[in-house]
Each structure stands twice: as structure tokens, then as C-alpha cells.
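The whole structure should be built from the sequences, with the hints applied where relevant.
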Amino acid sequence: MTVTNVLLRATLAIALVAPLFAVTDEERAACYPASRTYQHGGLRITIAQVARPDSPEPFYNAGKVRASITISRGKKILRVMRYDEAELFAYGHISGLFVPRSQPGKRYFSVVKYGDYNCRHLLIDRNGTVISLPGGLFFATMIESREILFTLHVQDSQGALTIFDLETGRKRASRRLPLEVISAFAHDNLIFFSGIGPKKECWLRIDGNGHCLIETPSLPTERMTELQIVDGFRGLGQ
Numbered sequence: 001m002t003v004t005n006v007l008l009r010a011t012l013a014i015a016l017v018a019p020l021f022a023v024t025d026e027e028r029a030a031c032y033p034a035s036r037t038y039q040h041g042g043l044r045i046t047i048a049q050v051a052r053p054d055s056p057e058p059f060y061n062a063g064k065v066r067a068s069i070t071i072s073r074g075k076k077i078l079r080v081m082r083y084d085e086a087e088l089f090a091y092g093h094i095s096g097l098f099v100p101r102s103q104p105g106k107r108y109f110s111v112v113k114y115g116d117y118n119c120r121h122l123l124i125d126r127n128g129t130v131i132s133l134p135g136g137l138f139f140a141t142m143i144e145s146r147e148i149l150f151t152l153h154v155q156d157s158q159g160a161l162t163i164f165d166l167e168t169g170r171k172r173a174s175r176r177l178p179l180e181v182i183s184a185f186a187h188d189n190l191i192f193f194s195g196i197g198p199k200k201e202c203w204l205r206i207d208g209n210g211h212c213l214i215e216t217p218s219l220p221t222e223r224m225t226e227l228q229i230v231d232g233f234r235g236l237g238q
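First residue of the sequence shown: 1, per my numbering; consecutive thereafter.
Any given hint could turn out to be false.
Label-pair restraints from in silico Cβ distances [as the list claims (entries may be wrong)]:
hint: 1; residue 1: GLU85; residue 2: GLU167; range: 17 to 25 Å
hint: 2; residue 1: GLY74; residue 2: ALA186; range: 35 to 43 Å
hint: 3; residue 1: GLU215; residue 2: ASP125; range: 29 to 37 Å
hint: 4; residue 1: ASN189; residue 2: GLU85; range: 38 to 46 Å
hint: 5; residue 1: LYS106; residue 2: ASN189; range: 15 to 23 Å
hint: 6; residue 1: GLY41; residue 2: VAL80; range: 16 to 24 Å
hint: 7; residue 1: MET142; residue 2: LYS75; range: 34 to 42 Å
hint: 8; residue 1: GLN228; residue 2: ARG73; range: 26 to 34 Å
hint: 9; residue 1: LYS76; residue 2: GLU201; range: 51 to 59 Å
hint: 10; residue 1: MET142; residue 2: SER183; range: 12 to 20 Å
hint: 11; residue 1: ARG223; residue 2: GLU85; range: 31 to 39 Å
hint: 12; residue 1: GLU201; residue 2: ASP125; range: 20 to 28 Å
hint: 13; residue 1: VAL130; residue 2: SER183; range: 29 to 37 Å
hint: 14; residue 1: VAL80; residue 2: GLY197; range: 39 to 47 Å
The calculated lysine-lysine pairs, modelled on BS3-like cross-linking and capped at a C-alpha distance of 25 Å, are [unchecked claim]:
hint: 15; residue 1: LYS106; residue 2: LYS171
hint: 16; residue 1: LYS106; residue 2: LYS75
hint: 17; residue 1: LYS106; residue 2: LYS76
Worth flagging that the hints you see were computed from the coordinates, not collected in a lab. Note that this is a predicted model, so its numbers are computed, not measured. The C-beta atom is built at its ideal place from N, Cα and C for all residues, glycine as well.
In C-alpha cells, the structure reads:
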């Protein structure tokens with residue numbers, strides 16, 4: 001799993017309430033059920049999930065997690081997205097659906113899906129349309145007066161970076177990074193990633209359109225703004 005240096009910085013804390021879909025008596029007695037409904041404009045977005053009894057702790061290292069996202073307006077259900085145990089399995093990592101406590105932008109509602117070694121960042125607009133981006137880690141920042149979402153794909157192989165314009169609703173770029181990201185900084189409409197390259201620590205400079213350049217082993221950060229990279233251990237909740 002890439003970017004583990006970022007993922008292991010904090011512990012997971014999730015508030016859990018009753019599930020929306022049916023579970024067995026055994027699950028009800030011993031599992032960690034969770035559901036919550038969010039308002040996004042005129043939409044209701046309900047996330048329901050349950051970890052089965054033999055999961056060692058809530059949604060961590062759990063091979064038996066089921067989840068769903070229901071998008072509705074009034075009494076009409078617009079879309080239901082279901083995830084079975086195979087889609088959410090992740091050994092040695094967290095599983096399930098997580099909602100950023102601080103939503104990036106106002107146009108979309110974000111949900112981050114962990115599991116199956118293929119994490120996704122789901123963006124739901126006010127019409128109920130869902131955009132699925134490679135994700136797992138993310139941050140949003142202003143570049144040239146636009147709010148831009150940067151997602152880092154968490155998977156077994158080296159992750160990819162996706163750059164998405166939250167105002168126009170268009171993907172600006174997607175590229176595989178030549179380093180394992182540890183931290184990110186912003187300065188003068190550019191993003192600087194610090195991480196480990198093929199042989200040593202290095203820096204990567206990238207603009208809002210995905211154009212990048214490998215930098216020297218170190219850069220001064222006095223005038224840079226450090227960006228919080230949000231992951232399942234920090235900044236996400238139920």
C-alpha cells in the first residue's frame with residue numbers, strides 16, 4: 001500500500017448508530033452498525049454500513065463490511081450504490097465509506113470509499129449525479145482563484161494523482177507520481193509534494209494542470225503553506 005507514511009499518523013474514530021438495512025441477530029448483537037443521513041441542497045444522502053462480528057475492530061482490517069449510499073429527493077430514490085464484502089475488503093487497512101468532516105467545495109458532496117485496494121473519491125452533485133475519482137487521500141486548495149481538488153489514489157501499486165476543478169466540474173489532469181507522498185505545500189499557485197522517490201527523498205512541483213518537475217532533494221518551506229492531506233485516519237468521520 002502506498003503513502004503509508006501519511007495513513008499511519010493518527011487513530012481511527014467513528015461514531016456508530018443503527019443500520020438502515022437488515023442484519024442478522026448475530027450481527028446485531030456483536031457487530032458495529034452505522035448509518036447517517038446528510039442534506040446536500042434538496043438531496044438526502046444516506047450512508048449505511050455494517051462490520052460483521054468477526055471484524056477485529058470497527059472498519060479496520062475488516063474483511064466483512066457491507067455498505068450502501070442512497071440518494072433521494074423527497075420521497076423519490078434517485079440512486080442506490082451498494083458495496084459488498086469483496087468490494088470493501090482491505091487487509092491491514094480501513095474499510096468502508098467515510099465522509100470528510102470539512103467538505104471540499106459547495107457544489108459537491110464528498111464520500112471516500114476504502115477497500116478492495118482501490119480507494120475512490122465520490123463526488124455527488126445537487127442533481128444526484130456521481131463522479132468517481134481514484135482517491136483515498138485528498139486536499140483542496142485555491143489555484144488562480146479556483147478551488148481545486150487533488151486526490152491521491154491508495155492502492156497496492158504506486159498511486160496516481162487526479163486534479164479536479166470543483167467549480168467547473170471537470171477533471172484537469174491525472175498522472176502517476178514518481179514518488180511516495182509524505183506531505184504537500186502550496187506557494188504561488190503551485191503545489192509542492194515532499195516524498196520518497198526511487199532512490200532518495202525528493203520534491204515534486206506541480207501546477208493546477210498537472211505539469212510537474214522533479215526538484216532537488218530539498219526546498220525551503222518558510223514561505224510555503226502546508227496543506228492537510230485528509231485520509232481515513234484523519235479528517236474523515238461517519
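The hints, checked one at a time:
One distance hint, 17 to 25 Å for the beta-carbon pair GLU85 and GLU167, is violated here, with the actual separation near 37 Å. Our hint of 35 to 43 Å for GLY74 and ALA186 holds, since their Cβ atoms are close to 41 Å apart. Between GLU215 and ASP125 the beta carbon distance is about 36 Å. The supplied range of 29 to 37 Å therefore holds. Between ASN189 and GLU85 the C-beta distance comes to about 43 Å, which sits within the given range of 38 to 46 Å.
Between LYS106 and ASN189 the beta carbons are some 21 Å apart, a value that agrees with the proposed interval 15 to 23 Å. At about 19 Å, the CB distance of GLY41 to VAL80 agrees with the hint of 16 to 24 Å. Against the hinted window of 34 to 42 Å, the Cβ-Cβ separation of MET142 and LYS75 comes to about 39 Å, which satisfies the hint. Checking the proposed 26 to 34 Å range against GLN228 and ARG73 shows it holds: the Cβ atoms sit about 33 Å from each other.
A hinted range of 51 to 59 Å holds for the C-beta pair LYS76 and GLU201, which are about 53 Å apart. Between MET142 and SER183, the C-beta spacing of about 19 Å keeps the proposed range 12 to 20 Å intact. Separated by about 48 Å at the C-beta atoms, ARG223 and GLU85 break the suggested range of 31 to 39 Å. With their beta carbons about 39 Å apart, GLU201 and ASP125 fall outside the hinted range of 20 to 28 Å.
Range check, VAL130 to SER183: Cβ separation about 30 Å, and the 29 to 37 Å hint holds. Taken as a hint, the range 39 to 47 Å holds for the pair VAL80 and GLY197, whose Cβ atoms sit roughly 43 Å apart. In summary, the hint linking LYS106 to LYS171 is supported, as the alpha carbons are separated by about 17 Å, within the 25 Å threshold. A threshold of 25 Å between alpha carbons decides the hint, and for LYS106 with LYS75 the separation of about 24 Å falls inside it, so the pair holds.
Using a Cα cut-off of 25 Å, the hinted pair LYS106 and LYS76 holds, with the two alpha carbons roughly 23 Å apart.
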